[in-house]
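**Q** With the working numbering applied, the sequence shown covers 25 to 177.
Hints should not be assumed to be uniformly reliable.
[As the list claims (entries may be wrong)] Derived lysine to any residue pairs resembling SDA-like cross-links, with alpha carbons at most 25 Å apart:
(1) Lys126 x Gly88
(2) Lys126 x Glu177
(3) Lys95 x Gln163
(4) Lys126 x Leu102
(5) Lys50 x Gln33
(6) Lys77 x Ile87
(7) Lys95 x Glu172
[Said to hold, decoys possible] Pair ranges (Cβ atoms, derived):
(8) Gln163 x Gln33: 14 to 24 Å
(9) Glu151 x Gly40: 29 to 39 Å
(10) Asn91 x Val34: 13 to 23 Å
(11) Pro36 x His175: 33 to 43 Å
Note that these hints are calculated values from the structure, not bench results.
Glycine included, C-beta positions come from ideal geometry on N, C-alpha and C.
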Amino acid sequence: MTIESVRQQVQPLNSGFHANQGVFYKLNDQLRKAQSVFEKTGGLHAAGLFDEKGELLIIREDIGRHNAVDKVIGHALLADLVPLEQHILMVSGRASFEIVQKALFARIPIIAAVSAASTLAVDLAEEGNLTLIGFMRGQSMAVYSCPERVHRE
Numbered sequence: 025m026t027i028e029s030v031r032q033q034v035q036p037l038n039s040g041f042h043a044n045q046g047v048f049y050k051l052n053d054q055l056r057k058a059q060s061v062f063e064k065t066g067g068l069h070a071a072g073l074f075d076e077k078g079e080l081l082i083i084r085e086d087i088g089r090h091n092a093v094d095k096v097i098g099h100a101l102l103a104d105l106v107p108l109e110q111h112i113l114m115v116s117g118r119a120s121f122e123i124v125q126k127a128l129f130a131r132i133p134i135i136a137a138v139s140a141a142s143t144l145a146v147d148l149a150e151e152g153n154l155t156l157i158g159f160m161r162g163q164s165m166a167v168y169s170c171p172e173r174v175h176r177e
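I would like the entire structure built from these sequences, with the hints used as guidance.
**A** Quick look at the structure:
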């Protein structure tokens, strides 16, 4: 799928959702503590869905980070939570074009990733009015797009 095909299938986000900067600094630790299989194997990715206060609502693990995201969104769909316009998606690896695409379709306004975002992911996030954060570690992060959703405390 291309940015053009996503553009034709889904409207840009217009959510007024935002979160305080301090919330983001807690996400990685919460996600890591909830990774029960990773603790045993050290070889799985995780995706977590958080509310605006940084409470972990759903976590899923998988060998592939895209699959972990699919599992989170699928669980949210089955729980009748979609659209997810008031939520944050955290991923344990890089933020790819495909992860941003999935978030746009589920209407998730913010993605935070432990590692970098690809150029295509940043382009699609900007196009879709989605806040994309990378290098989410400790008290630092890189906000690639739509920084207005991250409020300084």
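**Q** Check the hint pairing Lys126 with Glu177 against an upper bound of 25 Å on the C-alpha distance.
**A** violated, 29 Å
**Q** Between Gln163 and Gln33, does the beta-carbon spacing fit 14 to 24 Å?
**A** violated, 37 Å
**Q** Would the hint linking Lys95 and Glu172 be met if the CA-CA limit is 25 Å?
**A** violated, 28 Å
**Q** Quick one: are Asn91 and Val34 within 13 to 23 Å, going by C-beta?
**A** holds, 21 Å
**Q** Can you confirm whether the C-alpha distance between Lys126 and Gly88 stays at or below 25 Å?
**A** Answer holds: Lys126 to Gly88 is near 14 Å, not above 25 Å.
**Q** If you draw a straight line from the CA of Lys50 to the CA of Gln33, is it 25 Å or shorter?
**A** violated, 33 Å
**Q** Pro36 and His175, beta-carbon distance inside 33 to 43 Å?
**A** violated, 21 Å
**Q** Is the gap between the beta carbons of Glu151 and Gly40 within 29 to 39 Å?
**A** violated, 19 Å
**Q** Hey, Lys126 versus Leu102, does the alpha-carbon distance stay inside 25 Å?
**A** holds, 16 Å
**Q** Does the structure keep Lys77 and Ile87 at a Cα separation of 25 Å or less?
**A** Violated, at about 28 Å.
**Q** For the pair supplied as a hint, Lys95 and Gln163, is the alpha-carbon distance within the 25 Å limit?
**A** Violated. Lys95 to Gln163 sits at ~28 Å, over the 25 Å cutoff.
In summary, the structure is inconsistent with hints 2, 3, 5, 6, 7, 8, 9 and 11 from the numbered list given earlier, while agreeing with the others.
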